[in-house]
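Visitor: Here's the letter readout for the chains.
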Amino acid sequence: MGAVELLQFALAGLKNGAIYALVALGFTLVYAATGAINFAQGEFYMLGGMLSVWAYAGLGLPLPLAGLVGVAMTALVGGVFELLAVRPRKDGDLLAIIIITVGGSMVLSSAARHLFGPLEKALPAFTSTGTVSIFGAVLEIQSLWILGLTTLAVVALWYLYNRTSLGRAMRACAVNRDAARLVGIDPRRIVTVSFMLAAALGALAGLAVTPLTQTAFDVGPSVGIKGFAAAILGGLGNPIAAVAGGIVLGMLESMSIAFISSTYKDAIALVVLLGVLFWRPQGIFGASRREKV
Amino acid sequence: MDDVSFDVHDGQIKAVIGPNGAGKSTLFNVMTAFDRPDAGSVLFDGDEVTGKRPHLIVRSGIARTFQNTQLFEDMTARENVMAGAHAVTKAGFFASALRLPWTVQEERDVAEEAARLLRLVGLGEWTNTPAADMPHGLRRLLEIARALAARPRVLLLDEPAAGLNMAETVALAEALYRIRDEGTTIVVVEHDMGLVMEVSDEIVVLDRGRKIAEGPPRLIQKDPVVIAAYLGEEEADEL
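Protein sequence lines, in the order shown, are assigned to chains A and B. In my numbering, each residue carries its 1-based index in the first sequence increased by 1. In my numbering, each residue carries its 1-based index in the second sequence increased by 277.
Certain hints may be false.
Partial list, computed: chain A residues near chain B (C-beta under 10 Å) [said to hold, decoys possible]:
#1 N163
#2 S166
#3 A170
#4 A175
#5 A180
#6 I186
Computed list of chain B residues with no C-beta within reach of chain A, every gap over 10 Å [stated by the list, open to error]:
#7 V281
#8 T303
#9 E389
#10 A450
#11 G460
#12 G471
#13 D484
#14 G486
Calculated directly from the structure, the hints in this document are not laboratory data. All C-beta atoms in this analysis are idealised placements derived from N, C-alpha and C, irrespective of residue type, glycine included.
Go ahead and model the full structure; you've got the sequences and the hints to work with.
Guide: Okay, here's the thing in structure tokens:
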């Protein structure tokens, strides 16, 4: 295989990895706030695309505005989902919350099917359908958008976490809930905000991908599994690790196509997931927990 | 606990002492709504505190520390204290996301105040150290600085000297004086009689859930009821 082809696969891996990273960030945010895995995360990805298509084709809004509406509405759905389905489970029982999110995932995808129909939907490319050539490898302009938006989201999230009082409250809650309450942080509010942010990040991924791959009511679960694998791979609860996990997973998939066969592409995520859970459950970037006596 | 009642005045350091199991920690838990009383109430400035949710207590001006330090382990000392200011910052999500000028200003003020509080408790050189990496005695001081960030009028300290060595205890006492001199009222539950007798303006003695004495340190030391309660306790000779 030549260098150009290898670069081509690497670029594809990077693009998919960026998408997984956004979805993985959603998993990690909710995990940090609740300690639970939100299996409805893939549906936020689906809703991001579907609601943007609805705003664009249905309402006739210009594309940038339609995308904004799609992401904002998905964030709202995420918040309402938390308020109606997760918060009422007051004891915070993790298994119960996880099963609630599995149920929620089914409700969201069926609702999308009823509202928008079973057919695949598409959006036009954000700027142009053209491609750019990078050392001989070809990359769609839309893929640049995906990479750019992911970078922007990661920087914004970093800023939120490290430079704002809300971000500090989110981190505080993740480390020590009792102490957080003590300094006047309401953990329930942090959980709601985390769901909204997770939904917005998933929606952004779904929106950015729709011009390339189209979307439909049933795209959620498969992307959800990839994002979950990426979050586990990096180390749950750590945003930087989630992004790294996403990129690594995208690259692994791409290289498996290059060197093995495209048949196994989707199995890679599951193999990675199982491998990490067996041998390094804290993830490759997660430090083993320090316990103080 | 049964029928315990006392007042705390502005600008005082008030100590609550008593043998093990006297109900000291329960008292704090009730005062900060982590536990609910079966009957009775805690009034702060004439307002009912009992039954509020814990995160709202701090907004009414009462802050506390725990017997086992409860810090945000992977955040730096400064970030811990800044998180403590959560109750007094106003910037919401959208405001800070948009970097509205006043949120930037507020963030700067909070950071400056955090640095000042760290100096006040004597942790000026530890600003950027993660809480998990700090020695035990200093973690106590950090928890106090974090509680102060909420600008409380009353600070409740649950056994702040437990596990501290002599030098650390002296540093703690000095920090307590500086905090009181800034106008914050302090209520402290403590086993270390040396510290209690030295810093407190007034002492309440609990035994088996009841108040058995109240007064300035000199009187408490001579009170026959108090001495009787402590007889058979290890601390008797320390009194």
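Visitor: Each of the hints needs a verdict: does it hold here or not?
Guide: Hints and how they fare:
1. N163: With Cβ-Cβ at 9 Å, under 10 Å, it holds.
2. S166: holds (5 Å)
3. A170: holds (5 Å)
4. A175: This hint holds: A175 (chain A) lies near chain B, its Cβ roughly 9 Å from the closest one there, short of 10 Å.
5. A180: OK, holds: A180 (chain A) within 10 Å of chain B, min 4 Å.
6. I186: At about 5 Å, which falls below the 10 Å cut-off, the nearest Cβ of chain B leaves the hint on I186 (chain A) intact, so it holds.
7. V281: Non-interface label on V281 (chain B) holds, nearest chain A Cβ at 23 Å vs cutoff 10 Å.
8. T303: Holds: least Cβ distance 16 Å, greater than 10 Å.
9. E389: holds (14 Å)
10. A450: About 23 Å separates A450 (chain B) from the closest Cβ of chain A, which puts it past 10 Å; holds.
11. G460: Non-interface label on G460 (chain B) holds, nearest chain A Cβ at 20 Å vs cutoff 10 Å.
12. G471: holds (26 Å)
13. D484: With a cut-off of 10 Å, D484 (chain B) remains clear of chain A, as the shortest Cβ separation is near 28 Å.
14. G486: holds (24 Å)
Against the hints set out earlier in the document, no violation occurs for any number.
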